[in-house]
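Engineer: Generate the whole structure from the sequences, applying the supplied hints.
So the protein lines, in turn, are chains A and B.
Each step along the first sequence adds one to the number in the UniProt record's numbering, with nothing skipped, and position 102 is 102.
Each step along the second sequence adds one to the number in the UniProt record's numbering, with nothing skipped, and position 28 is 28.
In case anyone wonders, no lab produced these hints; they're calculated from the structure.
Here the structure is a predicted model, which is why all the values come from computation and not from measurement.
Glycine included, each C-beta is placed from N, C-alpha and C at the ideal position.
One or more hints might be untrue.
[Unchecked claim] Listed below are the simulated DSSO-like cross-link pairs for lysine-lysine, each with C-alpha atoms no more than 30 Å apart in a straight line:
id : chain 1 : residue 1 : chain 2 : residue 2
1  : A       : Lys13     : B       : Lys32
2  : A       : Lys67     : A       : Lys13
3  : A       : Lys67     : A       : Lys55
4  : A       : Lys20     : B       : Lys41
[Said to hold, decoys possible] Far from chain B by the CB rule (all over 10 Å, computed), these chain A residues:
id : residue
5  : Glu23
6  : Thr24
7  : Val30
8  : Thr46
9  : Asp51
10 : Ser64
11 : Asp73
12 : Asn84
13 : Arg85
14 : Ala86
15 : Ala89
16 : Gly95
[Unchecked claim] A few chain B residues that don't get close to chain A, going by computed Cβ distances all over 10 Å:
id : residue
17 : His10
18 : Val23
19 : Tyr45
20 : Ser46
21 : Glu48
22 : Glu49
23 : Gly50
24 : Glu52
25 : Leu60
26 : Gly70
27 : Glu71
28 : Glu74
29 : Lys78
30 : Ala79
31 : Arg94
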Amino acid sequence: MLPLSLLNAAQNKPMLVELKNGETFNGHLVNCDNFMNITLREVYQTSAEGDRFWKLKECYIRGSTIKYLRVPDTLLDAVKEEQNRAREAGRSARGSHVSGTGARGRGAPPRGTPVVQSREVYI
Amino acid sequence: MAGLQPYVDHRVLLILQDGRAIVGVMAGFDQKSNVVLSDTKERVYSMEEGVEEIPLGLYLVKGDQIVLIGELDEAADKAVDLSTIRAEPLPPIRY
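Structural biologist: Structural data, given as structure tokens:
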């Protein structure tokens, strides 16, 4: 499972983000991108020493400053199930195509296949 | 690619640049070595008391923070009583 698919599935879920400087941010994920840039809402920010706190309505965190994210345990099963569903859907869609046409692939026949033109014999 | 694939679904030990030691089951990873760990626990070492294991749950660690990933021999690991282990914690990386 890709870390970014987990992060995408964590939208609107609570999470804890620790930055490389030790500051932590507790909030709900609003949005994220492939750089792991994220926006959180209803955030509690804690200083690296753990002695000072701030409450922020919303904040944007650059992905490169993040050390790690802690997300709800239940998310793992949710993502795995979602991936299984997607795989199944893909398989059944492809399957129906194959059985519908009876032909696989396209283009020229494989090399070495004799190209037989009409060999019918008329009597 | 000789990469992290063999570790997937195995319990691994992660050492981070800040000196933290984290064990968890590797659920996934990507090209930047970002890693997803489930059933994660941090192991806090000290000289005063035994190793403390702090449960952390589901974790996503950024690849650029990771110093080391190693597979944990679960049998050997279970045979160790962590409460008897005294060790200096690892210092953070210095540049």
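Engineer: Look at each hint and say if it fits the structure.
Structural biologist: Evaluated hints:
Taken as a hint, the A:Lys13 and B:Lys32 pair is honoured in the structure, with Cα atoms around 24 Å apart against an allowance of 30 Å. For the hint pairing A:Lys67 with A:Lys13, the CA-to-CA distance comes to about 19 Å; that is within 30 Å, so the pair holds. Between A:Lys67 and A:Lys55, the direct Cα distance comes to roughly 21 Å. Compliance with the 30 Å bound is thereby established for this hinted pair. For the hint linking A:Lys20 to B:Lys41, the alpha-carbon distance of about 19 Å falls within 30 Å, and the restraint holds.
A:Glu23, annotated as away from the interface, keeps every beta carbon of chain B farther than 10 Å; the closest lies near 13 Å. In this structure A:Thr24 is separated from chain B by more than 10 Å, as the shortest Cβ-Cβ distance comes to about 13 Å. Distance check on A:Val30: its Cβ is at least 17 Å (rounded) from any Cβ of chain B, clearing the 10 Å threshold; non-interface status holds. Every Cβ of chain B is farther than 10 Å from the Cβ of A:Thr46; the closest lies at roughly 16 Å, confirming the non-interface assignment.
No Cβ of chain B approaches the Cβ of A:Asp51 within 10 Å, the least distance being about 18 Å, so the stated non-interface status holds. Consistency note on A:Ser64: stated as away from chain B, yet its beta-carbon is not over 10 Å from all of that chain's, at 8 Å minimum. Non-interface call for A:Asp73 relative to chain B: violated, since the shortest CB-CB distance, roughly 5 Å, does not exceed 10 Å. Every C-beta of chain B lies more than 10 Å from that of A:Asn84, the closest at about 14 Å, which supports listing it as non-interface.
A cut-off of 10 Å between C-beta atoms confirms that A:Arg85 is not in contact with chain B; the least separation is 17 Å. Every CB of chain B lies more than 10 Å from the CB of A:Ala86, the least distance being 15 Å, so the non-interface label holds. Non-interface call for A:Ala89 relative to chain B: holds, since the shortest CB-CB distance, roughly 21 Å, exceeds 10 Å. The non-interface label for A:Gly95 is consistent with chain B: the shortest C-beta to C-beta separation is roughly 27 Å, beyond 10 Å.
Every C-beta of chain A lies more than 10 Å from that of B:His10, the closest at about 14 Å, which supports listing it as non-interface. With a closest Cβ-Cβ approach of about 14 Å to chain A, B:Val23 is found to remain outside the 10 Å limit, as its non-interface label requires. Annotated as non-interface, B:Tyr45 keeps its C-beta farther than 10 Å from every C-beta of chain A; the closest such distance is 19 Å. Listed as a non-interface residue, B:Ser46 keeps its Cβ farther than 10 Å from every Cβ of chain A; the least gap is roughly 18 Å.
The beta carbon of B:Glu48 sits about 20 Å from the closest Cβ of chain A, which is more than 10 Å, so the claim that it is off the interface holds. B:Glu49, annotated as away from the interface, keeps every beta carbon of chain A farther than 10 Å; the closest lies near 20 Å. With a least beta-carbon separation of about 23 Å from chain A, B:Gly50 lies farther than 10 Å from that chain, consistent with its non-interface assignment. A cut-off of 10 Å between C-beta atoms confirms that B:Glu52 is not in contact with chain A; the least separation is 17 Å.
For B:Leu60, the shortest C-beta to C-beta distance to chain A comes to about 4 Å, within the 10 Å cut-off, and the non-interface label is violated. Separation of B:Gly70 from chain A is adequate, the least Cβ-Cβ distance of about 18 Å exceeding the 10 Å criterion. Distance check on B:Glu71: its Cβ is at least 18 Å (rounded) from any Cβ of chain A, clearing the 10 Å threshold; non-interface status holds. Every CB of chain A lies more than 10 Å from the CB of B:Glu74, the least distance being 19 Å, so the non-interface label holds.
For B:Lys78, the non-interface assignment is confirmed: its Cβ lies about 22 Å from the closest Cβ of chain A, beyond the 10 Å cut-off. Non-interface status of B:Ala79 relative to chain A is upheld: no Cβ of that chain comes within 10 Å, the nearest being about 27 Å off. Listed as outside the interface, B:Arg94 is consistent with that label: its C-beta sits roughly 14 Å from the nearest C-beta of chain A, beyond the 10 Å cut-off.
Hint compliance for this structure: hints 10, 11, 25 are not met, and every other hint is.
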